[in-house]
Amino acid sequence: MVTTTSQAVRFRRGITLPILLLVVWEVSNRTGIVDPRFLPSLEEVVRAAKRELIDNDLLGDLSFSLMRNIAGFLIGGVVGIGFATVLALSRIADRLVMPTFNALKQISLLAWIPLISVWFGFGEQAKIVFVALAAFIPIVLNTYDGMRAAPDDLIEVGRALKFNGRQRALRIYLPSAMPSIATGVHLGLIYSWLATVGAEYFLAVGPGIGGLVIAGRERFDMAMVMVGVIILGLVGFTLNRLAYSLESYLLRWRPKQNA
Amino acid sequence: MAAISETSGHAGPRFSWPSRKRIGIGLTAFILPVALLVLWWVASDRGWLAEQILPSPVFVYETARDMIASGEILYHTAVSLRRVVIGFAIGAALGLSLGVAMGLSERVEDYVKPLFLAFAQIPTLGWIPLLMLLVGIDETLKIIVIAKGALVPMALNTFTGIRNVSPRYLEVGHALRFSRWQRLRLIVLPGAVPSIFTGIRYGLTHSWTSLVGVELLASSEGLGYLLVWGRQMFWLDTVIVAMIAIGLVGFIMDKSLNNTETLIQRWKKGEA
Numbered sequence: 005m006v007t008t009t010s011q012a013v014r015f016r017r018g019i020t021l022p023i024l025l026l027v028v029w030e031v032s033n034r035t036g037i038v039d040p041r042f043l044p045s046l047e048e049v050v051r052a053a054k055r056e057l058i059d060n061d062l063l064g065d066l067s068f069s070l071m072r073n074i075a076g077f078l079i080g081g082v083v084g085i086g087f088a089t090v091l092a093l094s095r096i097a098d099r100l101v102m103p104t105f106n107a108l109k110q111i112s113l114l115a116w117i118p119l120i121s122v123w124f125g126f127g128e129q130a131k132i133v134f135v136a137l138a139a140f141i142p143i144v145l146n147t148y149d150g151m152r153a154a155p156d157d158l159i160e161v162g163r164a165l166k167f168n169g170r171q172r173a174l175r176i177y178l179p180s181a182m183p184s185i186a187t188g189v190h191l192g193l194i195y196s197w198l199a200t201v202g203a204e205y206f207l208a209v210g211p212g213i214g215g216l217v218i219a220g221r222e223r224f225d226m227a228m229v230m231v232g233v234i235i236l237g238l239v240g241f242t243l244n245r246l247a248y249s250l251e252s253y254l255l256r257w258r259p260k261q262n263a
Numbered sequence: 003m004a005a006i007s008e009t010s011g012h013a014g015p016r017f018s019w020p021s022r023k024r025i026g027i028g029l030t031a032f033i034l035p036v037a038l039l040v041l042w043w044v045a046s047d048r049g050w051l052a053e054q055i056l057p058s059p060v061f062v063y064e065t066a067r068d069m070i071a072s073g074e075i076l077y078h079t080a081v082s083l084r085r086v087v088i089g090f091a092i093g094a095a096l097g098l099s100l101g102v103a104m105g106l107s108e109r110v111e112d113y114v115k116p117l118f119l120a121f122a123q124i125p126t127l128g129w130i131p132l133l134m135l136l137v138g139i140d141e142t143l144k145i146i147v148i149a150k151g152a153l154v155p156m157a158l159n160t161f162t163g164i165r166n167v168s169p170r171y172l173e174v175g176h177a178l179r180f181s182r183w184q185r186l187r188l189i190v191l192p193g194a195v196p197s198i199f200t201g202i203r204y205g206l207t208h209s210w211t212s213l214v215g216v217e218l219l220a221s222s223e224g225l226g227y228l229l230v231w232g233r234q235m236f237w238l239d240t241v242i243v244a245m246i247a248i249g250l251v252g253f254i255m256d257k258s259l260n261n262t263e264t265l266i267q268r269w270k271k272g273e274a
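As they're listed, the protein sequences go chains A and B. Quick note on the working numbering: the first sequence kicks off at 5 and runs consecutively. Quick note on the working numbering: the second sequence kicks off at 3 and runs consecutively.
Derived by calculation from the structure, the hints in this document are not laboratory data. Since this is a predicted model, take the numbers as computed values, not measurements. All the given hints hold, so there is nothing to weed out.
Pairwise CB distance ranges, derived in the manner of DEER restraints:
1. A:F224 / B:V87: 26 to 34 Å
2. B:I70 / A:F167: 46 to 54 Å
3. A:V13 / B:R187: 27 to 35 Å
4. A:A97 / B:A120: 39 to 47 Å
5. A:L26 / B:F253: 38 to 46 Å
6. B:V87 / A:T9: 36 to 44 Å
Sample of chain A residues facing chain B (criterion: CB under 7 Å; computed from the structure):
7. R99
8. P103
9. Q110
10. L114
11. A115
12. L236
13. F241
Stretch-level coverage of chain B by chain A, calculated; a stretch enters the list once three of its residues show a Cβ under 8 Å from a Cβ in chain A:
14. 228-242
15. 249-261
The beta-carbon is built from N, C-alpha and C at its ideal position, and this holds for glycine as well.
Start from the sequences, fold in the hints, and give me the full structure.
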């Protein structure tokens, strides 16, 4: 833009509101305006975090959640890209399967949970299936769209060079769909984290960050809930960052569009 | 019917006439669902799977019929829709204002955006337990959660839309000595409309997902409640009917938004 504000000013502005928020929080707590059960003091939140970290197994919970997330995401992603490739390359498969897929994807993700819990139980298997489903849908959609948008002249070249199916898939469709696949993977990563949280809320058996939050709510322990929510946010943020760098790494061969 | 049976009689990989081709494509789409339905029916008829794990399609159909006739499904759908409409309206209005404010003023952006992004990182589901402690499990909880689902995509897309308005248009406005208000009304807002629409669509989808989530966790009516209740009673027929209803409502909302979008953006046709 025209006006360029210095980095330092922007930073100062950026941290103003959060600091103000913390001050208001602390003051309203100290003066007792707000019931401390609803708004525990900062100290208490830190204490809860320490307690969960040292006495209880916070890191264990976190790693369980992450494992589920990654396992589901990988399964959903690999199956999704394969599935979409078949649909994009074969017209018959496309016509046979795509309408059904489009109809099923209308069902809101969380609505699958009751059915999944009946079919797969409440254990690890059900959670991973659900997370995989969450990653699967956006990855299929984006991969499919990307491959469908492969430039005609490249396809022509493939025809001229008498590429077989595998060559066409690997040398033309996959590379030209890369940006779109990256978008799908990014969305899949975000959705799978949402699904991990959802799975841990609704299929509440076994360790996990979602379980921690739910337990905090049941005990009316606001500090514990806050710790859990902050961790949920931090993990979401990290995954998002990761997806960004993965995206730019995968697309590093592409000329930069905007500086 | 005659045309259909004729096509299937010739059914080769290639059809010679476009009209038949289209019929062929339409028919192919139904092969898989019909095959699945037959498989489902056979599986439950032969008792391959217990009734509690997979009720027969006939049973699901009868349940659906009963629930429609008794008005039960309509009632729960109406409850859910009401929540989404109110929550979405609040969330979208707030998100739009926030997006416009951040988009127009760099100062507001600097102050608000970091905090906003930090809050946005936490998945909607993450807020539910916290809000439950704060506001209980009444209607307020549902509205807040749904509104939050709409607010984030709405604000972000509005913001991006405004920021991405081509500088060339702004220059034209400058040359024509547009006032601030004219610039906003004639250049910035129309330019941001496509992006705002994306925000509305994502917002509505998120609202709908959030609704299902919050109703699954805490509700005594609505489609999400129907899911939980059916699950607890092991009435999978009810669960499946509720899932279909959720899918249909989602589909109809998406479709009608799509149509509105094309309607509003008619003027763009000449471009590109």
